[in-house]
Every structure is written in C-alpha cells, then in structure tokens.
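Asker: In case you want the letters, here they are:
There are 2 protein chains.
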Amino acid sequence: MTPASPFVSDVPAAEAAAAWRAACADAGCPQRVDGVRVPVGDAVGRVTAEPVWARRSSPAFDSAGMDGIAVRAADTVGAAETAPVLLDDFAVVDTGDPLPEGYDAVVMREHVHHTGGRAELRAAVPPYQHVRSIGEDIGATELLLPQGHRLRPVDVAACAAAGAVELRVRRRPVVAVVPTGDEIVPVGTEPATGQILDTNSLMLAAQARELGCAARVHDIVADDPAAITAAVRAAAAEADLVVLVAGSSAGRDDYTARVVAAAGTLAVHGVAVRPGHPVVLGVVDATPVLGAPGYPVSASLTFDIFAAPLLAALEGAAPRERPTTTARMARKLASSIGSDDWVRVRLGHVGGDVVATPLPRGAGVLTSLVRADGLLVVPSGVEGHHAGERVRVELLRGLDEIGRTIVAIGSHDLVLDVAASRLRAADPLVTLASSNVGSLGGLAALRDGLCHVAGSHLLDPATGEYTLPYVDRLFTDDVAVVRLVHRDQGLIVAPGNPLGLTGVDDLVRPGLRYVNRQRGAGTRALLDHELGRRGLDPARVSGYSREEHTHLGVAAAVSAGRADTGMGILAAARAFGLDFVPVAREPYDLVLRASTVDDDLLAPLWDLLQQDGFREHVEALGGYSCAETGRRVR
Amino acid sequence: MTPASPFVSDVPAAEAAAAWRAACADAGCPQRVDGVRVPVGDAVGRVTAEPVWARRSSPAFDSAGMDGIAVRAADTVGAAETAPVLLDDFAVVDTGDPLPEGYDAVVMREHVHHTGGRAELRAAVPPYQHVRSIGEDIGATELLLPQGHRLRPVDVAACAAAGAVELRVRRRPVVAVVPTGDEIVPVGTEPATGQILDTNSLMLAAQARELGCAARVHDIVADDPAAITAAVRAAAAEADLVVLVAGSSAGRDDYTARVVAAAGTLAVHGVAVRPGHPVVLGVVDATPVLGAPGYPVSASLTFDIFAAPLLAALEGAAPRERPTTTARMARKLASSIGSDDWVRVRLGHVGGDVVATPLPRGAGVLTSLVRADGLLVVPSGVEGHHAGERVRVELLRGLDEIGRTIVAIGSHDLVLDVAASRLRAADPLVTLASSNVGSLGGLAALRDGLCHVAGSHLLDPATGEYTLPYVDRLFTDDVAVVRLVHRDQGLIVAPGNPLGLTGVDDLVRPGLRYVNRQRGAGTRALLDHELGRRGLDPARVSGYSREEHTHLGVAAAVSAGRADTGMGILAAARAFGLDFVPVAREPYDLVLRASTVDDDLLAPLWDLLQQDGFREHVEALGGYSCAETGRRVR
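Residue numbers (UniProt numbering), protein chains in the order written: chain A, 1 to 634; chain B, 1 to 634.
If you are wondering where the hints come from, they were derived from the structure by calculation, not from laboratory data.
Hints should not be assumed to be uniformly reliable.
Stated by the list, open to error - If you want a taste of the chain A side facing chain B, the calculated C-beta under 7 Å gives, among others:
{"hint": "1", "residue": "Glu401"}
{"hint": "2", "residue": "Pro428"}
{"hint": "3", "residue": "Thr596"}
{"hint": "4", "residue": "Asp599"}
As the list claims (entries may be wrong) - A short list of chain B residues far from chain A (calculated; beta carbon distances all over 12 Å):
{"hint": "5", "residue": "Glu166"}
{"hint": "6", "residue": "Asp224"}
{"hint": "7", "residue": "Glu315"}
{"hint": "8", "residue": "Lys332"}
Note that CB positions come from ideal geometry on N, CA and C, so glycine has one too.
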C-alpha cells in the first residue's frame with residue numbers, strides 16, 4: 001500500500017503485522033540480529049544464537065552423595081542388625097568429595113558406628129549407593145539448550161558446568177525513538193500553554209529496554225516532512241527498529257505516513273485496534289519503522305502489539321507472555337464490533353471471586369494503564385460483555401498482590417489517597433485502590449459485590465441524614481458504616497473570589513456559570529438539598545446540567561475559566577490555587593458488609609484510622625476534622 | 001538458636017523466615033534501604049521511596065480531542081440535516097491543539113463541509129464535545145503512585161506528565177556472594193578431578209540482579225573458619241545481604257553455621273524444604289546472612305524462598321510472583337510428609353489438558369531446573385499426589401510457549417536433540433522437549449495421554465520386529481508410526497578396546513564387568529534378543545542387573561572405569577572418547593496417535609524430516625542412516 005492515503009484504514013491487527021513482516025522481508029531487513037560471543041556470566045537475559053551442547057559432563061567424576069564413609073559394597077554383604085560387620089578398609093568422605101579409588105558405595109554418617117578405628121555397619125549396602133555418578137546432571141555432547149532460548153540464571157550456571165566459558169548470543173536489538181511535533185518539549189522543561197512534555201519517548205524507550213533492547217531517544221523533530229525524513233533515515237542507519245512518535249494519523253500536521261511512503265514502503269496505515277487505531281507500519285532503508293500515535297495509551301499499546309513481537313523475532317526468541325486469569329465483569333461493557341478493544345481493568349478479589357472493573361477508555365488517559373491490574377481484549381466481532389460474564393484478562397499485577405488489595409469504589413476523597421499511601425508505607429503488601437464513581441455508584445457497587453468498601457457522603461434531602469437512609473433502601477443484609485472523616489464542602493471560586501460569591505443563594509445570579517457534579521454524586525445531593533431548603537429551583541442555576549465527575553474536575557473547570565464556580569472540597573480548590581466559600585460540614589463514611597468488618601484484609605485500615613499520626617496528617621490538609629474518624633456509626 | 005549444633009534441624013519454611021526476620025530486627029539490620037533521587041527516566045524497575053503526588057494536571061490545558069474545527073456550541077443550536085447552519089466564526093484544530101480562546105466545542109473534520117470559507121454543520125453540538133479537559137488524565141495534587149511501587153514504563157511517563165523530573169526511589173540492595181570450599185575453582189579454569197566449577201556464584205549473583213539488586217561475587221574462600229569469618233565480615237560491611245555458598249550442612253568441612261553463630265546470630269540451621277534442607281539463616285554485623293547449600297538446585301531454590309522476599313522487603317515492595325496454572329499429574333508423586341517438596345515439572349499441552357511430568361528430584365540435578373516448565377510445591381503434611389490429580393503449578397515458561405511444545409517421551413536419541421535445535425532455529429516459537437524414560441515407558445506415556453510422540457526402538461524377541469508388536473499390544477485405537485532413523489547399536493568399550501571384545505558372545509567372559517540399561521529400554525531388549533538367539537543365559541553376564549538410564553550413563557560408567565562395557569549407540573561412545581564394537585543396526589521410530597498426525601503442532605517436525613540439510617547433519621554424526629527417515633511405517 002503506497003502512497004499514503006488521506007484516510008486511516010482499519011486493517012485487523014494480525015493482518016497488519018503480517019503485512020509489515022512481508023514488507024520488511026521484501027525490503028531486505030535482516031531476519032535476526034547478529035550473534036556475539038559474551039562471557040557466560042554476562043549472558044543472562046540474552047538469547048542463544050546457537051544451540052548449547054555440553055562440552056563436559058557434570059559432575060565430572062563419581063562423588064559422594066552424602067557425608068559418611070566410602071566402602072566396597074562387597075565387604076558389607078551379610079551385615080544386619082544382629083550381625084554387624086566391622087570394616088577396616090573405608091574412607092571418610094563429605095558430600096561432593098570424589099569417590100576414593102577402590103570404593104564403590106557410600107554409607108551415611110548416621111548409619112556408621114566407629115569403634116576403635118573400625119567402622120561398624122548393621123546393614124549391607126548395594127553398589128553405587130549414595131554415589132553421584134559422573135554425568136548425573138549433564139552428559140557430555142547432549143543438547144543443553146536450543147538456540148532461541150532466553151537465558152536465565154540457572155541456564156548460565158548449567159552452561160558453565162557443561163564447560164562453556166563464553167556463549168554465542170544475539171546482540172541486543174537497537175530501538176531508535178524519534179519524537180516529533182512542534183508542540184513537544186523535553187521532560188525537565190516547564191511547558192508553556194499548548195506545549196506537551198515528551199513523556200512518550202521516555203515510556204517507549206523504557207518499554208524497549210524492558211524487552212532487553214538498547215534504546216536511543218533522538219532529539220525532538222519539528223512537524224516538517226523534510227526534517228522528519230532526515231531524522232528517520234539517520235535513525236534507521238543505526239537502529240534495528242525506528243519508532244516515530246506522533247503524527248501517525250491523517251491530520252494537517254501528520255506526516256509519518258507520507259514520509260514513510262516517500263522514503264520507503266508504507267505497509268499499513270491504520271489498524272482495527274482501539275486505542276491505537278492510527279498506527280503506521282512501514283520500512284525505510286531496510287529498517288522497520290513503527291509510527292506510533294501520540295496519545296500515550298495508544299503509543300504504549302501499539303508498541304506492545306506490533307513492536308514487541310518484531311523485536312522478539314529479531315532475537316529469534318518467543319515473545320514474552322503476560323499471565324492471564326479469569327475474572328467476572330463488574331458491569332456491562334460495550335465494544336466496537338469493528339476493532340479489537342484493549343480495555344484496561346481494575347481487578348479485585350471480592351467475595352471469593354476476581355472482579356474486573358473497566359477503567360476510563362480514552363487513549364489519552366495514561367493513568368488508566370497506570371492503575372490497571374489487567375488488560376481485557378474484546379476482539380473485533382464481539383460487541384462486548386454482560387455484567388457478571390466471565391472474561392480472560394492479561395495480568396499486569398500478580399494475583400497475590402491483587403488478593404491483598406482493598407477495593408474502594410464510590411465518592412473519592414483525598415483522605416483515601418493519604419490512607420493508601422500510609423498503608424503501603426507500613427506494609428508493602430497492602431494496597432488500597434479507589435475508583436471514583438460517586439457515592440451512590442459506590443453503594444450500588446458494594447451491593448453488587450464489586451468492592452470491599454464504598455466511600456459515601458450522600459445526603460438524604462427528606463431526612464437531612466447522610467448515607468444511612470440510602471443504605472436502608474439499597475441493602476437487605478447487614479451493613480456496617482465506619483466514619484472516615486468530616487469535611488468542608490463549599491463553592492470553589494477563582495482566586496480572590498472576583499464575583500464576591502457568599503453562598504448557595506448567589507448561584508441563581510444571572511450570568512453566573514455553574515459547573516455541577518454527576519447524578520448520584522454526594523456533592524450534587526448536597527447542592528440539591530441546599531437549593532431545596534432555600535426554595536430555589538435548580539432550573540435557575542445556569543450550568544446545573546453541566547457535569548464533572550470529580551472534585552478536581554470541577555476545580556479544573558473553574559481554573560480554566562470554563563465556569564465561575566462549582567461545589568467541592570477545600571482540597572480540590574487548593575490543588576488549583578483557587579479560593580473557597582464554605583457551605584457545609586459533612587460526614588464522609590466508609591460503607592461495607594457487616595460480615596467483612598473483621599476480615600484480615602481490612603484490619604490494617606481500621607488500625608490506621610486510630611493512629612494519631614494519620615489523624616494529624618489529615619487535619620493538616622485543611623477542611624477536615626477527625627473527631628469521629630474510625631467510629632462505627634452502624 | 002546459638003551456638004551451632006552438629007545436626008541440621010527441620011524448621012518449617014514460614015517459621016524459619018520469621019525467625020530470620022526477628023533476628024535481623026534484633027541485630028539492628030535496616031528495615032529498608034535508603035531512598036535516592038534519580039531522574040525520572042532512570043527510575044524504571046526501581047521502587048518508589050515516597051508517594052508520588054501530581055504536581056501538575058495533565059493535560060495542562062483544554063485541547064481538541066479530534067481533528068476538526070473549534071466552535072461555540074451556542075452557535076450550532078438548531079443545526080440539522082434539513083437545516084444546516086453556516087458558521088463564519090470557527091478555528092481549524094488538530095488533535096491535541098489547545099482549544100482556542102472563545103470556543104467551547106470541537107466538530108470532527110468528517111462532519112464539516114467547507115463552502116466558501118464558511119463551515120456548514122448539519123447537527124448541533126453540545127458544549128465541550130470532543131474537548132479534552134485540563135486534568136482529564138491527572139489532576140494536580142492527586143495520589144499518582146503510593147510508595148513501595150515498582151515503576152514500569154507507563155508509571156514514569158505518568159509521573160513525568162504530572163510534573164516529576166526526579167523521583168525518590170530505593171537504592172538497589174547490594175548482595176554479596178561469597179563462595180567457599182577447597183574444591184571450588186572459578187568458572188573459566190579447567191578443573192582437575194575432584195574440583196568443582198563455581199557455577200553457583202554465577203547463578204546466585206544473576207538471581208540477585210534479576211530482582212533489581214546489585215551483586216558482587218567475592219573471591220573463593222578456603223574451608224577455614226577464620227578465613228570464612230573474615231570474608232563474611234568484609235562482605236557484610238559493604239552489602240545488604242551476604243550469601244555464603246556451600247558449607248551450610250553439618251559435615252566436617254561445613255563451617256557456615258559455626259561461623260555465623262560465633263560472629264553474630266544463628267537464627268536457623270536447617271529447614272523443612274527439599275531440596276534446600278541444610279540452609280543457614282543468620283545475621284553478622286547487622287547484615288543478614290544466608291548460608292546456601294552447595295547443591296545447585298538447593299542453592300537456587302533457597303535464594304528464591306528466603307533471599308528474594310527479604311530483598312523485596314528491603315526495597316519496601318511486594319515480592320515478585322510467578323504466575324500459576326492448573327495441571328494434571330502425569331503419574332503418582334510421592335513426597336516426604338515432613339517437608340515442603342519443590343518438584344520441578346515439565347508441562348505439556350496434550351489432548352486439551354496441561355499435563356505435569358515430574359523431573360529428576362536430586363538437589364544436584366541443575367538441568368531439572370533448566371528443563372522445568374513449572375514448580376510444584378508439595379507442602380509439608382501432604383504425602384504426594386495421585387496420577388491424574390489436578391495440581392497448582394508455578395509457571396517458569398509462558399503457557400503459549402508450552403502450548404507450542406512438542407512433548408516427546410520415550411527412548412532418547414541424539415537425533416531428537418538435533419531436531420529440537422533445527423526446529424527452533426527455523427521458528428523461535430517451536431519447542432521439541434524430550435524426556436528419557438526408555439522405549440516402553442514412552443509408549444505407556446503416549447497411551448496415558450502424557451505426550452505427543454514416543455521415541456521407540458523396542459525389539460520384540462518373539463518376532464524380531466521392532467516397536468509394532470508392542471504398539472499392537474498396548475493400544476486399542478489407531479496409532480501412527482513414523483521412522484526417524486536407523487542407527488548402530490554396539491558395545492561401548494574403553495579407548496583402544498583393551499579387552500579385545502568382538503561382540504555379544506564375549507559378555508559372558510569371566511570377570512568382565514557389564515553395565516546394563518533399565519527394564520523397558522530398547523537397548524536392553526536388544527541385548528536380551530542377542531543373548532537369546534545365541535542361547536546365552538543373562539545370569540552369566542556379570543553386571544546384567546546394574547542399570548543405567550541413558551546411553552550416556554552407560555558410556556560414563558565405562559569412562560569412569562566402573563564397568564568394562566555396555567550396550568549403546570556410537571554417539572554416546574564418541575561423547576566420552578570411547579571405542580565402539582558394532583552389534584546391530586536398528587530402526588528408531590516415532591509413535592503417535594493417528595488422529596494427531598495432521599495437527600499443526602507436528603507439521604514443522606514432519607517438514608524437517610524431509611529436509612536434506614537435516615538428513616546430512618544426522619548422517620554426519622556417524623552411526624546413523626536416514627534412508628527411511630520420515631517414512632510412515634504404520
């Protein structure tokens with residue numbers, strides 16, 4: 001497929017990889033990187049370039065397999081409990097000692113009685129008892145390892161025992177990462193508005209190194225076809241794979257496909273993979289080129305899906321595999337029928353089952369990969385999964401670690417972050433993972449068996465009570481409620497409060513732009529309550545239907561000037577250097593099934609809530625009171 | 001527990017680890033290694049020493065989420081298919097561009113028709129459509145990563161996006177490996193009889209490096225308590241963990257326990273773990289000391305079981321986990337009730353099931369770890385497993401790779417090694433794994449669904465036919481038989497054939513020491529046949545009941561002078577530089593279920609057997625004929 005079309009196609013991933021391989025072969029790319037000889041001790045992690053045949057046997061001589069005495073088996077014939085045999089002719093040996101000339105068996109120390117220089121045996125021994133034979137481990141000339149084997153510590157030790165001093169292994173493939181884009185600036189600089197830090201190069205180079213490759217990050221190249229062409233050619237001259245970052249789509253400043261088509265072969269432009277769709281696969285100067293999308297999740301997954309197998313093939317080794325597990329879908333998941341959907345999921349061990357909760361699916365949300373415990377691939381042709389369906393998940397964290405993770409779903413509060421951090425500091429095996437879906441969403445998740453605790457600060461307008469009325473409505477079995485903290489809610493406003501807002505009454509001021517929280521969020525319930533008790537109609541609040549999903553989202557909207565105010569917590573206002581008009585002090589509680597209160601998993605959390613250091617830390621954040629922290633309110 | 005006792009105890013592994021931790025704490029060992037600040041790009045693989053809070057939001061500004069035009073949503077109200085709206089006021093944007101001042105939504109390029117400088121829209125757009133909000137990925141002040149997190153490429157990219165330029169991570173723990181033993185010589189030297197290459201240090205240092213530690217191997221120390229004490233103290237002064245190799249048992253030259261008891265605290269001497277029983281756990285000069293046994297499997301497993309968790313704790317991170325799978329036991333496995341038994345297993349995907357076959361269990365058989373696909377831990381208190389029982393196995397290879405492995409069980413021949421090596425060279429994803437249990441054992445394994453192909457050269461004395469009569473007796477369903485090769489069998493004799501043996505008739509010569517193969521081995525059946533047709537009574541062959549399990553084992557026995565001769569193949573004689581008296585030329589066949597002949601898994605093997613290069617390679621080995629190689633004889 002040449003030249004570049006202005007549109008991005010949707011080639012299935014396997015077909016795209018095959019087309020790329022074929023284009024590489026046609027263009028004369030080497031099938032394997034060269035072999036090099038390295039000392040056996042330096043070969044761990046490298047791939048054998050030739051089979052390793054044993055040059056010598058190991059052990060190289062017959063030796064004692066136990067501490068004891070070496071004897072001639074024939075001398076012991078007839079020895080029995082009632083008829084001990086006394087030997088003059090024996091030799092004391094330790095494990096590993098060569099079997100002394102003339103002896104053919106070893107008797108364990110514990111079975112020998114020494115009496116006056118003679119050894120008394122009370123049992124006959126067969127020839128070669130407790131003798132480690134020459135070649136017991138490795139026989140000279142046998143195949144120890146095939147070529148294409150990635151060497152582990154035990155492998156190199158065995159090779160050395162078999163007489164190898166050096167091994168012929170593949171040299172490390174070299175990956176050149178070439179960042180492009182007028183808006184890209186190096187990590188370490190302070191980006192101006194509109195500029196983006198070059199975090200992708202950092203990540204892709206690290207991914208290459210994780211695979212055992214050498215990686216070089218080139219200087220950032222401007223959005224200029226001639227400059228990009230020159231950079232790709234220079235990189236191709238010294239690398240086994242060039243990764244060109246960003247510019248892989250079909251926008252005005254997207255030159256990757258055009259450059260590759262003009263300078264070499266464009267094999268694929270666009271694959272049926274989400275995220276990662278606008279990928280470029282091609283060859284320039286007999287070097288494979290991957291044009292990775294600029295969205296970080298796309299860049300990372302694209303590297304995994306297309307570059308990793310190619311690099312393994314260059315080493316002549318099997319690609320690394322992620323372990324998998326089976327999990328139950330926390331909720332319905334829709335997927336586009338036309339492409340493979342790579343969904344990042346959180347995993348939790350709840351009620352004897354591994355439960356998978358999808359994380360945000362945007363290609364730009366790198367934290368969805370950071371927070372993911374697993375990857376769920378919904379292949380092209382599958383429309384998605386039902387809630388409760390069992391699915392196969394590639395693991396990004398160990399199952400034991402996942403089993404020691406407290407899964408919190410619900411309203412988010414900074415205090416949960418503080419708790420997560422302090423729990424981990426005390427015990428590296430404890431994780432507190434929280435997902436933010438609002439208070440009501442958290443209670444529903446708890447009811448559905450998707451989490452251990454739900455964070456809630458849900459005000460019941462009818463009773464003025466927090467959380468408990470909802471718990472009564474949602475649950476039929478026993479539920480426990482533990483107070484985490486009291487916190488101030490208020491109006492987040494621009495620095496200096498330029499509009500002079502004083503409280504909820506001002507929200508109906510004409511022209512004021514409010515930003516609300518999503519339905520089911522406790523903060524929205526609080527606003528409704530405050531409006532209700534003042535007799536104010538929500539329809540009079542301009543922006544009431546505009547929804548953000550987090551306190552920080554509200555603060556960000558105010559900070560960016562997209563809104564004049566929104567309700568949130570003090571910590572969110574501070575995060576963006578904004579001001580704050582207090583409205584109410586509310587309790588924020590942790591809800592859980594009563595039957596799980598005494599679970600080992602949760603014990604560290606209850607301990608933490610009692611610690612003075614934790615309480616002082618929280619109150620020092622501002623806007624919090626720990627007077628009732630840790631109290632069981634139901 | 002101080003001082004050292006002359007006997008080795010049997011402390012359960014968990015109890016031993018706890019005792020070691022307690023002794024380390026009492027002796028003032030640091031709980032964690034120090035934190036150091038490193039550039040974010042160098043932090044991959046390291047463990048966070050403090051939580052990472054987001055310093056800035058990402059994205060840092062509102063931006064276009066699509067290529068298209070930025071508009072004011074209010075200007076598009078009322079636009080419809082039948083009532084297009086024409087806009088003068090818009091701005092062309094590409095994905096990632098900052099949202100230009102004054103606009104609040106983006107329309108995808110594909111949905112815009114440009115007519116005379118104006119943009120025609122046929123649908124209204126809501127505010128903030130296709131706008132990536134500031135903080136969509138990361139909100140300033142939120143907890144990005146807790147401490148105790150091992151950083152991956154995506155993590156460092158997210159940290160950099162959140163404003164981190166450096167990260168505070170734990171420095172790498174330093175492991176000092178101190179080899180001991182008068183008989184130990186460095187890898188790279190030519191060992192004399194009785195000397196052993198120091199392959200353990202190579203392996204243990206590599207295991208430490210695999211865990212992200214720095215490792216230093218010290219000079220080999222003689223079996224002298226004062227020298228060992230000095231070496232341990234010097235190592236302790238510069239390391240976070242000292243691994244003292246060998247001398248951990250209670251033999252005459254085993255000083256580890258005594259040295260540790262005298263110079264510091266001996267916490268444990270002997271654990272209920274096999275292999276690995278005679279382990280020493282202690283502290284010297286506020287540095288943990290692991291006394292590892294000298295048998296290589298014991299050394300490796302002991303490091304995994306005791307050192308790895310301690311090193312993870314020093315970094316404040318969760319220990320690495322091996323993935324697990326469920327497998328069906330190929331055969332009954334007995335285990336000592338008093339200790340955890342670490343059994344190395346081969347795994348094969350046979351007939352839709354993962355089947356686990358135990359490998360040799362000796363602590364000295366390092367190749368049992370090299371060839372293992374998994375580890376099966378039979379805990380103390382469990383007597384073993386029945387054949388067919390489902391067991392949990394820790395994986396040492398990926399399940400996909402295991403799924404692409406041709407499992408051959410039966411008689412071993414060097415030609416299988418050559419085939420394994422050439423198959424891998426052609427395709428890194430293909431593995432041919434062969435286990436040697438003799439011809440009859442292989443046919444039984446095939447019948448029991450434990451392997452794909454069985455190598456057999458089993459002579460039926462009644463008919464003089466090879467293999468087929470046995471197949472008829474053992475199988476009720478259709479079996480295919482493919483000829484691998486014809487090969488010469490003969491008497492393996494010392495160089496120069498000093499006893500002047502000419503054939504099987506000489507085996508009854510008085511005083512001649514024969515070494516036989518095990519029952520069920522084809523080579524033994526051949527001997528029986530040759531004796532039978534000469535009317536010679538096996539009882540007249542001295543050594544007829546002495547069994548070796550491989551051709552190489554027979555050759556090794558002759559080479560070591562333990563026997564004068566034994567039957568085997570020419571290649572085995574050559575491996576040890578021995579001479580060979582031909583006796584018979586026999587067919588060596590591959591037996592498999594007829595229903596599997598056309599399986600994709602086996603196709604590369606059948607292709608290989610047709611290749612001239614392969615046949616030439618085999619015939620060049622000597623003693624082989626490929627005239628019928630690849631022919632289906634049934």
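Asker: Hint by hint, say whether it matches the structure.
Answerer: Consistency of the hints with the structure:
1. With 7 Å as the threshold, the beta carbon of Glu401/A comes within range of chain B, its nearest partner Cβ sitting at about 5 Å, so the hint holds.
2. For Pro428/A, the shortest C-beta to C-beta distance to chain B is roughly 4 Å, which falls under 7 Å, so the interface hint holds.
3. Nearest Cβ of chain B to the Cβ of Thr596/A: about 22 Å, over the 7 Å cut. The hint is violated.
4. A least Cβ separation of about 19 Å between Asp599/A and chain B goes past the 7 Å threshold, and the interface hint is therefore violated.
5. Non-interface call for Glu166/B relative to chain A: violated, since the shortest CB-CB distance, roughly 9 Å, does not exceed 12 Å.
6. Here Asp224/B stays apart from chain A, with its beta-carbon at least about 15 Å from theirs, past the 12 Å limit.
7. Residue-level check failed: Glu315/B sits 8 Å from the nearest beta carbon of chain A, not beyond 12 Å.
8. Every Cβ of chain A is farther than 12 Å from the Cβ of Lys332/B; the closest lies at roughly 23 Å, confirming the non-interface assignment.
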